[in-house]
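Starting from the known structure of chain A, fit chains B and C onto it as the hints suggest.
Residue numbers (the numbering used here), protein chains in the order written: chain A, 1 to 492; chain B, 1001 to 1222; chain C, 2001 to 2319.
Do not rely on the hints blindly, as some may be mistaken.
[Unchecked claim] Only part of the chain B face toward chain C is listed, based on derived beta-carbon distances under 8 Å:
#	residue
1	1014
2	1022
3	1029
4	1113
5	1117
[To be verified] Pulled a few chain A residues facing chain B out of the computed Cβ check, cut under 7 Å:
#	residue
6	135
7	179
8	216
I should point out that these hints are in silico values taken from the structure, not numbers from a laboratory.
Every residue gets a Cβ at the ideal spot worked out from N, C-alpha and C, and that includes glycine.
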Amino acid sequence: MNELSLLTGMLRELVSAPGLVVLVPFAAAAGLGFVTDARLGAWINGAAATLAFLLACALPWEPIAGLLLLADPLAAFMAILTSFLGMTTAWFSQGYMQVEVQAGRFDAPRLRLYHALFQAGLGCMLLALLSNNVAVTWGALEAATLVSVLAVALPRTEDAARAASRQFVLCGVGLAMACFGTTVLYLAAVPALGAGVPAMSWSRLPAAAAAFNPAMLNLAFVFLLLGYGTKAGLVPLHGWLPDSQAAGPLPVSAVLSGSILNVALVVILRLRGLLDANPGAIAPGLPIMALGLASLLLAAFSLGAQRDVKRFFAGSTIAQSGVAAFAFGLGGAGATFAGLLHLALHTLTRAAILQCVGAAVQLNGGQRCAGIGGLLLRHRALGLTLAAGMVAVAGLPPFGLFTTLFLILSGTVDRAPWLAVPLALGLAVAGWAMAERLLALCLGPPTPDRGPGTGLPALVPAWVQLALVLVLGLAMPGPVAAWLAAIAGAAP
Amino acid sequence: MGGHHGAFSLDVAHLLGGAVLVLSFGLLYQRRLGGLINAYAAQSCVLAAAAAWQGWVQSAPALVVTGLIVLGGAGVAIPVALHRIAGRLQFDRAVVTQPGIFPVMAAGVALVLLAVLLAAPAAAQALPREDLALALAVVLLGQLMMIVRPAAPAQLVGFLSLLSGLILGIVGVPGMRLAVELAVAVLVLAGAAVAGVYLLRIRARFEEVDAGRLERLGGAAQ
Amino acid sequence: MTTLLSLALLAVHLALLLTLAPVLAGIVRWTKSRLMGRVGAPVFQPWRDLQRLARKQPVLAENASWLFRGAPTIAFAATLAAAALVPGFALGMATAPLADLLAIAGLLALARCTLALAGLDTGTAVGGLGASREMSFAAFAEPAMLLVIFTLALLAGSTNLDAIAGALREGTAGPLFPLGLALLAMLAVAIAGNGRAPIDNRAALAETGMVHAALALAYSGRHLALIEATAALKLLLWLTLIAAIFLPFGTATPESGLLVWLLALPVWGLKLGGLAMALALFEAGVAGMRVFRVPELLGLAVLLGVLAAVLLAVWQGLA
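Just chain A, with the same shape it has in the complex (with noise of 0.2 Å):
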């Protein structure tokens, strides 16, 4: 293949579907850097968001994996999902925003850059899942951690300088861990793959990991887990994630953060299968369940004792991913299917409690867990969506998170009986904290309203969401239980 080819190549790759999925949100990003009417850029910014999410929704009809892109069926199914995360945010920001604005913590130069780095970080994101290219993943992870970092920076208060500060330390000390795990990775694939592109390819890597050189693949292994484990939110380098939480502005935790945790642990899904083609690398499953399972436990003894309400949603995140990480750990197809069906619906109801978490903050004018109370009283419909919601993250039926809490536990009991016990315990206890805080929260003595409030079409994308993880856990369609099989299958 000769330059030119290989270029034009490239270029065709750029303008089929994957690559208009990640190339709408950076020019919208630019674009929105020199909008300065205020009005104009959130309608943009959702309006971006949204051609991305319909794009990201042909990509399953288009698989490729090019020089620079991958859209196999897993790639699909997360980008779907994160573009989708970031069409309800983006439009529920437009009334979130307006009332910051009006309440003084933002001007009209910082909302510019808000709306700018959440287009910067929902491409990067975006790049980061349907790169080809272990090193890109690595580097657009950077960047989207970078802006996540700023992002949590903009409303300039002391608390969100020193939030930001100490997620860039953490984790920066996991991106770092994580470029070295995929300096080693290349290490392992030279033997097999030559050295050059294909041993950096998502799309090669598996095929071939079968000849990769054990202990660099270990030694990988290590790195990266922890590396990415530290984006995913697992211990021990997770104590960013509540600090960057509480500080930002909501949409963007939300969106940003709540999507790194989804890439990062797409990520460990992707090495867990390395590893077990290997036959001379250690089992991976027994390190990811042990990560995972700690930070479920950690979360769940500690959620009782938040009292910021932002926070106290992160120690729950936290948990979940921790949930995700050790359905992934477990293994199979059924324990895969669930971890990632897992991911898709507690993203979908944390971006919905969310968005009403930041309507009661805002209502509130403070996000101390004892100064709300009473919402299902005063504010009937937010306190309906954030009950249900709440109801969904602590495991219980309808919703679809009861489905897959207990697909991953009868899957513990079949494959790893001994696990069972400490998982089940973990999530009770978060059940219980979750259902404690539901009663202070929404019933409880009503509190009085300090500042306005968005209005029921803020609530909009949170009843979508939650209407979402009601359908797919009741009844999910045949034809996406069959893909979703099908991607578990495929996948370790």
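Chains B and C alone, transformed into the frame defined by chain A:
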């Protein structure tokens, strides 16, 4: 691979990588922030030389470019910026606290040995074992430094030297594509760290006269 | 014939060492003075000092034992014996089979211990202080030196200095990096062993910074001359040792051609001169170190030695 593969040129590559590692120990040994920054600058310059030398050994001009970028970014720009920050905030003469030097050094040596043992199996398939061991050792020492030195400026320098280890690893791997891009991405991380510290520190100084903060402090004391 | 040649070599080597040692000390002192902006004493000043001291009657403390009187001689003899083992401009001297690095380290340790005992002998506070400091430094310097020796032995397959120098000269030795680490460790040991800055100040006047000066404080006359000569000889020995191991090119062997033999002596002189200049430059540049931090520096040398030895062992064992 290909290119000039004399035993001597490989030996020099290891010597340069080793010098980066020794300078990591120098960073662990330094107590004053000014000295710390200078040691980091020296490390970056050796790192740039190592990258350029690897470019010559592997006949990869891209690595020479990487070396130049590292020299300009990590060897000159970042140390100068750090010196200016330290000078403005008047802690360039500050003594950086840490537990006794000797235990830290012993832990460092243990980490280097760990790195050597971990990288040893690479030799079975003619992979660059020594380069990997040295890079891994620099990465681990950077992490050690971040752990034993809680003070933010020293922690920052530890993070920067950790990133140097990453670049050392990237340039040491034969035929690694995107080496320049990855090295630039790592340097961006380094630059972001420095810029972040600059912005946050400046703000922290302003906030010390913030009445709200004083009020809260007073509240805590009561 | 070879025996004769090797004996002649040894004789020339020793004669050169004995004459050159004070001159080298003078060169270092003069260069340092110039670097610090002073005029500096002439290069031959140490020779004149030695002559002057040798003519003087020594003054002894009342309670000084035979050890105190004999120590300078023992130390000088031990150092001279060690110097006879270190190859200078040529390999294959008569003492080459005996030139074990462990033996050289042992002889230097003997000299050091004798002087420390002598410092304790008269019971003065300053002598005791010097002795205790000297020994506490030695406690770190000796292991570091042993580790360096171990590293070199791994590289060359022998602890014989002649064999090591030969192997390094041929370039058959292994990776450069452990050798570099060993060099760093050895430099630290050399600086501590010779009492150079930043560890010690030979011209110290205050007790807080004294180590070697404290040991020599109770000596006078020809005893002091011997001690000064020992110090000068030891410096030359260390520089020769470093040159032999780490700058192995240009030395002659009995098999070498005439040109190499002709060049060997000037090359050796150049190496020594370069090292002396580097030492002066280093001493002029660094600030003195607090006594309590010296063990840290030497501990670092030990760690570097450990690192060099183990790296080499692992890389050689697994290669």
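Evaluated hints:
no.	hint	in the structure
1	1014	holds, 5 Å
2	1022	holds, 7 Å
3	1029	holds, 7 Å
4	1113	holds, 6 Å
5	1117	holds, 7 Å
6	135	holds, 5 Å
7	179	holds, 5 Å
8	216	holds, 6 Å
The structure fails none of the hints (numbered hints given earlier).
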